[in-house]
Amino acid sequence: MNMRTISLTSLLPATVLLCSSILSLPAQAFCGFYAGKADASLFNRASQVILARDEDRTVITMQNDYQGPLSEFVLVVPTPQAIKQGQVKIADKEVFARLDAYTAPRLAEYHEKAPECNFSFDWGKQFVADNTVKVFGKAIRRYITNEMSMPAQTVQRGSIANPAAVKVEARFTLEEYDIVSLSAQESSSLESWLLQNGYRLPPGAAAALQPYIRQGMKFFAAKVNLKEKERLGFNYLRPLQFAFQSPKYMLPLRLGMLNAQAGSAQDLIVYALSPHGRVEAANYRTAKLSTNQELPYFIKERFADVYKSYFERQVKQDEMRTVYTEHYWRNEWRFMCDPCVETPPEVKHWQQAGVFWLNDSKKEFAARISGQAIVEADANKLTPVAITRLHLRYNAESFPEDLVLSETRDQENWQVRHVIHHPQYGALQKCIAVLEQKHRCSDECEPRVSKVIALQNSGRASSWRHQTAPVWQAECERACHVAKQDSFRPIINYFQKDVAQRLEREKQTLANLSGWSMAQIEALPGAQENLLHQGMPKTGKASPAPTQIAGKNGR
Amino acid sequence: MFAKLDARWFQILFLASFLTIGALARDFALSWQQVALCFASGILTQTCWQHALRLPGRYNFGGYLSALISCFGISILVRADNLWVHPLLACIAMSSKYLLRAGPAACKSHILNPANLAAFLALSVVEGAWLSPGQWGSSSLLALWFIALGGIVTQRIARLDVSITFLLVWGGVLAARLLWLGYAWDPGAAIWVKQFCNGATLLFAFFMISDPMTTPQRRSVRMLWVAAVALAAYYWQFMLFKQHGLIVALFALSWLVPLLNWLWPQTRFEWRETPPQTSPLSAAPATMPQTRPA
Chain V
1 MNMRTISLTS LLPATVLLCS SILSLPAQAF CGFYAGKADA SLFNRASQVI LARDEDRTVI
61 TMQNDYQGPL SEFVLVVPTP QAIKQGQVKI ADKEVFARLD AYTAPRLAEY HEKAPECNFS
121 FDWGKQFVAD NTVKVFGKAI RRYITNEMSM PAQTVQRGSI ANPAAVKVEA RFTLEEYDIV
181 SLSAQESSSL ESWLLQNGYR LPPGAAAALQ PYIRQGMKFF AAKVNLKEKE RLGFNYLRPL
241 QFAFQSPKYM LPLRLGMLNA QAGSAQDLIV YALSPHGRVE AANYRTAKLS TNQELPYFIK
301 ERFADVYKSY FERQVKQDEM RTVYTEHYWR NEWRFMCDPC VETPPEVKHW QQAGVFWLND
361 SKKEFAARIS GQAIVEADAN KLTPVAITRL HLRYNAESFP EDLVLSETRD QENWQVRHVI
421 HHPQYGALQK CIAVLEQKHR CSDECEPRVS KVIALQNSGR ASSWRHQTAP VWQAECERAC
481 HVAKQDSFRP IINYFQKDVA QRLEREKQTL ANLSGWSMAQ IEALPGAQEN LLHQGMPKTG
541 KASPAPTQIA GKNGR
Chain G
556 MFAKLDARWF QILFLASFLT IGALARDFAL SWQQVALCFA SGILTQTCWQ HALRLPGRYN
616 FGGYLSALIS CFGISILVRA DNLWVHPLLA CIAMSSKYLL RAGPAACKSH ILNPANLAAF
676 LALSVVEGAW LSPGQWGSSS LLALWFIALG GIVTQRIARL DVSITFLLVW GGVLAARLLW
736 LGYAWDPGAA IWVKQFCNGA TLLFAFFMIS DPMTTPQRRS VRMLWVAAVA LAAYYWQFML
796 FKQHGLIVAL FALSWLVPLL NWLWPQTRFE WRETPPQTSP LSAAPATMPQ TRPA
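Going line by line, the protein sequences match chains V and G. Using my numbering, read the first sequence as starting at 1 and increasing by one per residue. Using my numbering, read the second sequence as starting at 556 and increasing by one per residue.
Hints were generated in silico from the structure; no laboratory data involved. We put the CB at the ideal spot given by N, CA and C, even for glycine. Watch out, some of these pointers could steer you wrong.
[As the list claims (entries may be wrong)] One-sided and incomplete, this derived list gives chain V residues near chain G with beta-carbon spacing under 7 Å:
| id | residue |
| --- | --- |
| 1 | A207 |
| 2 | Q210 |
| 3 | P211 |
| 4 | K248 |
| 5 | S398 |
| 6 | P400 |
| 7 | T408 |
| 8 | D410 |
| 9 | E412 |
Modelling step: build the complete structure from the supplied sequences, incorporating the hints.
Rendered as structure tokens:
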């Protein structure tokens, strides 16, 4: 029972601009970089189809997910027109990979900057300038009584019939495929014909074929020519692509369901290519998925799992009755993405995917649809390609009707794109190292003390308590250490307040999105990492240990 | 007390609830700015016309009810990727009531249902606008609400015959098609329910084609006309394989209504039967009573 109907894939071209201003980006002024994706391989039993359509002309490419003996592989697709030799070709599997990668739900990552490590130490300056003990005394008192109060860290974890009634419209071998185009008057005749000609069919095939026959549709049937296949040496089934002209813009899902076990669901990813706007289902609800959520940085390697959990939850919530838009991008000659997942498709890929309205491919289409000349005048006009990626999970009950598609005039680029922000790991350690190297307290104080002593000795500072140089030196160094702690404070605040709070928010967002519990999230690798201490040099006695810094601040 | 209320109040109430359901539960691709601009533009346009033509309803709240209804309809039906489409369509739709008028003197009225015109323009000519007929999904509960609430409204405005005729003809041709195609009960029945009990179809049946001002006045003619709309929509959608059959068919056949009213005249519809009043929907400057009873 290996009849497969409808599986799909392929596509098109272009150059890429990494950063697009069209998307509403978070406050960061810089571009994100691609960090992860949730591609089609994630979903089992996922068929992929590329539908390139302009007006009533369609090129459909199908990528089979068939896994079984090749001798049993059968593909039967209802088509509005009888597909003749020349209207079919073998497409490159690579095209599906390109389109999948280009449109997959993605994760963008941003690298944050911690607050500056500004060492501001002015011991002795007021002295010299103001020449008053009062100021000096106050300054000292401020240093000594200074409590670097840290805000409390809030942690919320969040029949027998006459086969003669079937007309063979075309029969040919195309590389590894034996192809027939059939038209029939009765489904039982069609079924008999297929069975007699070695096409194994699942039970119920005749009943499922009948509505297509009545609609005047033809049948494209293919099976593997084992001899040719051996000669060609491919160890997988290459996608089939065919072109036809019809006002019908639909995908015959129903026939494929005959293979499925009762109640079991299948995934279908449709790449709809059009010159104008976003494509949506006309007879099912089309919804956009959640996008632009800020997630914790530590899910970077697990983004595919996050997306899968989310998608499954969403499908369940919508009772498997919705078509989801995962990506819509309009490519005005420049193929843009933000962030780009791998290399975007090039013109040749779009053409391989069946796009025929790109300049030189128009003539090819005309040749494939014999007798349907394409107006030369508009062949010179460059038209953009818009790609819509639709994802649906369906079974026989939830999608009783074939999918009818409709091209809208929506031109607003949209994608499933989530964001992670990496804190600036090791910012504190870096700051400590800089201060220790460039601002040793003893070195900072020596010249200052010398100046103070000089003032003292000049007799112009008679109102001061006169001290000895070692006493001034000790006082200065104490102030210097306090000043250093002041310079750490914004960084510690950044990690313990800003980053910690944001991380809690992001964990909550992740919980809402994936349906994972807070405990599961906390158990993920990296979730418990102490960012403040990350990147801390293991040795180096000159630097205070980060724990000490935090401790002192809390004192 | 309810009996005295203008039926349009119920219409507004139900349309508002559908808009809310759509926006909240069906996540319509609609922004509050689009809705706000749509209403602002629709009401402003209505105000300008009322004052420019010195219509008696211009100082009454009742004079603006139909504008609200049209704006709800536009918000529920039309989708756009920008902010100007909704207000533009609201303005054109409201203006069309004063500019496109025809029919015999006894029942001269606007030709097109404003929301129908807006939806037609959105699907055919306006850049960046489109309709999403699948937007309601296929929740049977929602369908029941449509039928129940829509039934109340249309019954109050004495146009339940339109809704019922339409649903019978439309449901009938859909079922006939599925039978002819040879579908077994499963999945045939499920397909029929999906096509028929669909938010877009029910909204059309109870809130658009049932507009008393843009349907023929004589009952027998009206029922035939409604059946013609359903059949034309079927032809468009299932024989030409194009989308939005209902909107297109109503738009196309609305132009016949003045002719049908002229051929088979009948007293015109008034939103409130007693005492005789005017309404902006029926506001024909040439035939308006000069004063509006309190």
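Worksheet item: For which of the previously enumerated hints does the structure constitute a violation, in increasing order of number?
Response: 5
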